[in-house]
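Peer 1: Below, each chain spelled out in residue letters.
2 protein chains.
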Amino acid sequence: MKLPLGYKYAATYAGIRQVEKDDLALIVSGLPANAAAVFTQNRVQAAPVRLGRSHLKASKGLCGAVVINAGNANCATRSGDAVALATCKAAAKLLHLKVPLVVPSSTGVIGVELDPRKIIDALPRLVSGLSADGFDCVARAIMTTDLVPKTAFAEARLRRGAVRVAGMTKGSGMIQPMMATTLGFVMTDAVIPPTQLRVMLKRGVERSYNRISVDGDTSTNDTLLLLANGASEVRPDPGEFAMVEAAITDVMESLAQQIARDGEGARKLITITVTGAGDSEAAARMARAIANSPLVKTAIAGADPNWGRILSAAGNAGVTFDPKKTDIHMQGVKVCQGGLAAPFDEPELKAKLDAADCEIRVALGGKGKGEARFWTCDLTEGYIRINASYRT
Amino acid sequence: MKLPLGYKYAATYAGIRQVEKDDLALIVSGLPANAAAVFTQNRVQAAPVRLGRSHLKASKGLCGAVVINAGNANCATRSGDAVALATCKAAAKLLHLKVPLVVPSSTGVIGVELDPRKIIDALPRLVSGLSADGFDCVARAIMTTDLVPKTAFAEARLRRGAVRVAGMTKGSGMIQPMMATTLGFVMTDAVIPPTQLRVMLKRGVERSYNRISVDGDTSTNDTLLLLANGASEVRPDPGEFAMVEAAITDVMESLAQQIARDGEGARKLITITVTGAGDSEAAARMARAIANSPLVKTAIAGADPNWGRILSAAGNAGVTFDPKKTDIHMQGVKVCQGGLAAPFDEPELKAKLDAADCEIRVALGGKGKGEARFWTCDLTEGYIRINASYRT
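Those protein sequences? They're chains A and B, same order as listed.
All the letters of the first sequence, read from the start, carry residue numbers 1 to 392 under the working numbering.
All the letters of the second sequence, read from the start, carry residue numbers 1 to 392 under the working numbering.
Simulated from the structure, these hints should not be mistaken for lab results.
Given the structure is predicted, the values throughout are model-derived calculations rather than measurements.
Virtual Cβ for every residue (Gly too), placed ideally from N, Cα, C.
Fair warning: there could be bad hints in the mix.
What the hints assert, rightly or not - BS3-like mimics (lysine-lysine), calculated; alpha carbons at most 30 Å apart, straight line:
1. A/K21 to B/K350
2. A/K21 to A/K60
3. B/K325 to A/K350
4. A/K21 to A/K57
5. A/K57 to B/K325
6. A/K324 to B/K118
7. A/K324 to B/K89
8. B/K369 to A/K324
9. B/K350 to A/K324
10. A/K334 to A/K352
11. B/K202 to B/K369
12. B/K369 to B/K334
13. B/K324 to A/K118
14. B/K57 to B/K89
15. A/K60 to A/K93
16. B/K324 to A/K60
17. A/K89 to B/K324
18. A/K325 to B/K8
19. A/K118 to A/K89
20. B/K369 to A/K57
Claimed, not checked - Part of the chain A face toward chain B, derived, beta carbon under 7 Å:
21. A76
22. R78
23. A82
24. G108
25. D217
26. Q337
27. G339
28. A342
Claimed, not checked - From chain B, some residues computed to sit far from chain A (all C-beta separations above 10 Å):
29. K8
30. A86
31. K202
32. G239
33. A301
34. L340
35. D357
36. T380
37. R385
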């Protein structure tokens with residue numbers, strides 16, 4: 001699949017992280033793009049989150065470049081605001097953009113001062129290295145504890161021509177995005193007015209990034225940025241916006257799933273579906289409670305069809321339901337019917353739960369049409385090993 | 001310290017759990033005791049929780065005996081209600097009590113039928129084995145994944161004489177009691193009217209069991225029962241009730257701390273104190289958010305003074321505060337001042353964090369007087385090992 005037109009990418013090693021692995025990246029749109037963004041709901045917000053929000057406001061939703069560093073969250077530091085601003089100023093000067101057209105983004109350790117010289121010194125070689133083919137290099141440069149880069153692509157064939165969507169994201173710990181995400185950058189070359197772009201982002205986030213959790217922790221730096229530069233010169237007909245939105249949502253959903261699958265220490269992606277709730281918000285709340293239960297996550301790690309833990313976690317979601325009407329399926333096998341044990345072949349189901357993809361379906365048997373899907377990962381010793389020694 | 005007067009205890013192996021280790025226990029008060037209880041807030045409630053609640057209502061808060069089994073939660077089973085009732089009836093007959101004076105209590109795996117014959121067959125030898133010295137045997141019989149039995153004792157010397165309090169509890173996983181706990185039984189021989197007993201229990205729970213979390217999961221069977229049989233014949237003067245309440249709360253606080261310290265896989269007890277919040281409820285909410293952050297818990301496991309994770313977890317509690325005014329101490333060492341890194345000797349602090357007791361203090365610097373203490377444990381590979389293979 002082809003990348004969206006009109007974007008260039010570059011990545012380099014600026015010496016921010018200790019291992020020599022690209023840690024600074026640049027995404028540039030030839031024509032400033034319409035931009036919509038969501039940021040973390042954590043009360044503690046990193047300097048780049050605050051500055052990014054204020055830049056997008058000042059630019060009235062236009063964005064020409066994104067500067068991203070890994071290895072340091074630029075959060076809870078003395079010089080945080082100054083570093084984020086200096087970064088944007090240096091990039092703006094080199095790219096001949098107004099400063100508010102540059103959005104900064106950081107990920108990594110919290111509370112350690114970030115040396116702006118490292119970024120400013122590296123920016124000229126980043127700019128000279130910009131290329132339409134640099135997409136994958138950027139996707140790799142933004143990784144922290146990720147084991148694999150995470151990208152997704154889609155295309156919508158409209159009456160006036162094709163438009164393309166490409167996205168990249170990072171993250172595998174401190175993952176429970178709330179109204180936003182870890183870092184995610186989604187580019188399209190469709191012509192989309194700012195208002196519609198914001199609506200598409202908001203609805204897409206609800207069905208993707210806001211439906212995953214690795215460990216129930218929400219980061220201080222979560223940012224999801226959606227850019228539409230119109231470089232395809234294809235303006236969707238009114239009836240075609242749904243197709244473009246579907247392509248964007250598909251990319252976001254794929255990215256979100258990739259985060260859950262690559263959760264710290266994870267060996268399995270768990271898809272949780274709740275149906276029959278009063279509304280989709282209640283269904284999502286219950287799915288999230290199941291996804292965040294360490295007892296459910298460790299049971300899946302051990303290929304243990306311990307549905308009692310699923311039912312108990314559901315009971316803790318603060319959602320009204322009747323356990324006596326509740327059915328639970330694991331890997332398509334009914335393990336609980338009407339809140340009671342259903343007969344199943346345990347060795348057979350254990351073998352099925354050894355798969356890289358595990359599925360939990362909870363049907364509440366209520367009259368409500370509320371349903372939700374949610375993704376998480378199993379909880380293994382690997383999560384502990386990574387996080388008992390991440391910083392030091 | 002002496003045990004409260006007028007209680008007898010017995011435990012035996014009834015064959016409910018697979019390993020031959022006592023799994024059935026009985027606590028009897030010679031004179032039926034005034035009783036107050038709190039139960040799990042989980043929407044999925046075990047049969048003994050439902051029956052215990054209804055019995056205490058029917059008996060107008062009188063309790064003569066408690067029958068407790070480990071190894072099976074008697075939850076989400078076809079025969080659950082019948083088994084709980086049959087248990088109470090059999091015990092009542094042997095003890096010459098009315099049925100509603102018996103409270104049933106179960107802990108263990110969810111969703112597996114519990115054979116009532118095992119309990120009914122074992123009850124006669126339990127009753128004949130009742131003894132004032134059996135307290136520790138019962139404390140051991142109610143254990144599941146606990147490594148150590150958990151008991152606590154207190155005494156209040158009043159004008160008319162001494163009254164004694166003794167408590168026992170169990171639990172090390174599926175622990176985040178909400179308005180209640182895992183299983184806990186607290187006995188006193190003071191003369192306390194039912195209304196006051198309920199108030200003491202409610203206030204005590206708020207400062208003990210509702211301030212601990214091992215893994216953020218709330219069980220389906222949580223029960224905390226407080227019995228006052230008056231066997232000391234000491235009726236506190238109006239001014240002395242506070243002393244009795246303090247003794248009861250001390251016992252409950254000690255029991256709750258012991259649960260956190262013995263959390264599944266835990267090597268450390270973590271005490272989290274939040275001060276300067278708008279009210280104590282907000283302080284407790286933030287302390288709970290920090291206690292439930294797997295990133296904080298793994299950092300403590302790794303003796304890593306990663307205060308950024310503490311600040312980030314605080315930011316996710318949904319509590320209004322100013323990160324720029326927030327100080328954080330770990331083991332008495334200031335690691336964060338005004339939301340920024342404070343200078344500290346890292347190797348020295350890492351060594352201090354190797355202790356079995358770790359302390360995190362978060363001072364919000366607000367004008368509020370709201371403060372709370374909360375207890376949790378570190379998150380280690382041991383938790384995963386235990387829970388990836390608990391059932392099978």
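Peer 1: Hint numbers the structure violates, sorted upward?
Peer 2: 2, 3, 4, 8, 9, 18, 20, 23, 24, 26, 28, 33, 34, 36 and 37
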